[in-house]
Amino acid sequence: MINNAKEPVLNRYQSFSFMNRTPVSDKKLDVSHKTVLYMEDVSVSFDGFKALNNLSLYIDDGELRCLIGPNGAGKTTLMDVITGKTRPDSGSVYFGQSIDLLQMDEPAIAQAGICRKFQKPSVFENLTVFENLELSMKAHKGAWITLFATLTGEQRDRIDEVLEIIGITSLRGQLAGILSHGQKQWLEIGMLLIQEPRVMLVDEPVAGMTHQEIDRTAELLLSLQGKHSVVVVEHDMEFVRSIAKKVTVLHEGSVLTEGTMDEVQNDPRVIQVYLGE
Amino acid sequence: MLLKFLENDKESQWVLIALLAVTLIIPVCNLIFSAGSVFYFSAYTVSLIGKYLTFALLALSLDLVWGYCGILVLGQGAFFALGGYAMGMYLMRQIGDRGVYGDPLLPDFMVFLDWKELPWFWSGFDVFPFAMLMVFVVPGALAFVFGWLTFRSRVTGVYLSIISQAMTYALLLAFFRNEMGFGGNNGLTDFKDILGFNLQSDVVRAILLMCTGMALITGFLVSRWIVRTRLGRVVTAIRDQESRVRFLGYRVEMYKLWVFVFSAMLAGLAGALYVPQVGIINPSEFSPLISLEIVVWVAVGGRGSLYGAIIGAIIVNYGKTVMTGLFPEVWLFTLGAVFILVTIFMPDGLVGLWKRKTQENV
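Chains A and B supply the protein sequences, listed in that same order.
Read in order, the letters of the first sequence are residues 1 to 277 in the working numbering.
Read in order, the letters of the second sequence are residues 278 to 639 in the working numbering.
Each hint should be verified, as a subset may be incorrect.
As a list, the in silico EDC-like pairs of lysine to aspartate or glutamate whose alpha-carbon atoms are at most 20 Å apart [as the list claims (entries may be wrong)]:
#, chain 1, residue 1, chain 2, residue 2
1, A, Lys85, B, Asp517
2, A, Lys85, B, Glu519
3, A, Lys120, B, Asp286
4, A, Lys120, B, Glu519
5, B, Lys634, B, Asp286
6, A, Lys85, B, Glu530
7, B, Lys632, A, Glu125
It is worth saying that the hints were derived from the structure and are not from the lab.
Work the whole structure out from these sequences, hints included.
Below, the structure is given as structure tokens:
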């Protein structure tokens with residue numbers, strides 16, 4: 001591969017870059033160094049407020065990582081940067097060794113294999129549960145192709161399988177709008193699963209769930225590690241404790257400390273941040 | 278077979294049957310029975326119904342972008358007018374040397390402006406298939422450029438509505454100018470023939486009505502098919518949660534562009550069918566007021582159901598015909614009042630009202 005970055009005029013794929021600001025990366029994901037997500041010295045500021053401040057974070061391939069931190073620590077902004085919603089002022093974000101996420105837009109990043117569940121459940125309320133999963137499925141996402149797309153038997157089985165996992169098979173034909181809050185959360189997790197992502201960013205998965213639902217969610221997330229890298233942002237400490245091997249604490253836009261739940265909870269700086277001066 | 282296609286959708290079936298009946302019965306009765314018979318429909322009725330059907334097709338095209346994709350286009354009339362102008366240019370060239378000035382090549386208004394030769398963009402319009410192609414290509418191309426620029430820049434909501442209104446207003450001003458070469462203020466009129474047949478004859482009018490009806494039925498069935506494909510579901514998802522769709526890996530702007538261009542072409546077809554039946558196309562079709570009226574038709578019928586748009590367009594236009602006959606000066610106030618009342622009391626239009634009623638009965 002010839003690196004033409006220094007001579008953009010000579011690179012015919014670059015000279016009209018204004019026409020094609022956000023190419024889908026054709027590079028293969030390279031995780032030979034065991035790290036799937038790199039964030040280095042990332043800074044984001046909104047009107048002078050530094051939401052992220054020289055943050056560096058590395059996520060291993062197949063790991064389950066929990067992010068905690070007080071309100072305003074930058075957890076959601078961090079997800080926005082990874083998924084392409086927010087452009088950082090400085091720093092770099094790489095998916096594996098080779099894919100530069102800062103060159104891509106939201107759909108390109110999603111197609112590359114980084115998927116996200118939002119804090120507020122955002123399912124498509126006017127579509128059925130089944131259709132929600134159908135749209136989320138890993139497939140060609142071009143307009144002409146979806147016009148003529150039909151589900152293969154295999155894909156139907158896959159949807160049924162996911163419905164089984166998230167435990168709402170009986171609701172498959174119902175509009176997603178009538179689901180309870182917890183069921184919507186589950187449907188959204190199902191929408192993540194069916195995309196078969198390499199990295200799942202899960203923002204507050206258990207908010208508004210009952211104890212039983214929380215236990216099942218924990219079980220599900222634990223079963224995913226190895227196959228997917230999962231990054232969970234959660235306020236519920238008990239839940240974090242039940243799933244986390246490694247916890248990263250964010251504070252004022254940068255990483256305060258990393259370690260096991262016990263290490264983190266006994267760290268005097270963490271105690272200070274959470275309990276105040 | 279068609280009814281089978283619409284299985285489990287009673288309302289669509291009824292609308293389809295009604296349209297088929299109108300398309301077949303009215304022109305045939307017009308031709309078979311003579312004036313005075315109970316079954317006779319006058320030439321006036323035939324062209325009036327034909328006009329309503331083109332408006333229904335126009336409303337259908339707006340429902341596709343507004344009702345399903347959530348893009349409130351306040352400039353849909355521009356695509357309608359462009360399709361109309363493409364047809365008008367063909368009809369002008371059909372006049373040949375029978376114009377007032379008898380010029381074999383130049384339309385009357387060009388002779389009047391002392392032009393010596395046909396502008397380049399008028400060439401080819403004497404060929405019917407080329408003109409028909411332009412009926413789709415010109416509105417489609419405008420929609421493509423407009424949509425490409427706005428959707429990529431993620432212009433949405435009220436801003437997009439206002440820009441689309443500005444677009445149709447700009448075209449209105451441009452087409453008013455004589456130098457544009459589209460007949461300026463007067464537009465294109467005095468049409469004589471279509472495909473060599475006299476436009477004033479009853480048979481041609483009856484056939485035009487049939488063509489319009491068929492175009493509307495085809496447009497309805499194709500649109501209905503589109504909204505039921507996966508693309509249709511993605512579009513509905515975009516209407517409800519645009520950013521979420523992006524995070525699923527769909528290029529939202531491409532989907533919007535697809536629907537927008539298709540809808541513009543449908544509107545262009547409606548315009549092309551409208552012009553030979555009313556006998557004139559002038560810049561007033563670009564006026565923002567007309568585009569707003571289309572929104573009212575769809576709102577009254579009920580957006581997001583397709584057949585609702587058809588019903589809305591026909592009812593409001595029938596109302597307009599009656600009202601402007603009785604009290605011409607109050608029509609616009611009535612229209613405004615209807616829009617306000619519909620928005621407040623039946624946000625889902627007549628279709629919503631009907632659905633609620635049938636559900637209560639169940």
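To see whether the hints hold, each was checked on the structure:
no. : hint                 : result
1   : A:Lys85 to B:Asp517  : holds (18 Å)
2   : A:Lys85 to B:Glu519  : holds (13 Å)
3   : A:Lys120 to B:Asp286 : violated (34 Å)
4   : A:Lys120 to B:Glu519 : holds (15 Å)
5   : B:Lys634 to B:Asp286 : holds (16 Å)
6   : A:Lys85 to B:Glu530  : holds (15 Å)
7   : B:Lys632 to A:Glu125 : holds (19 Å)
Taken one by one, the earlier hints fail for this structure only at number 3.
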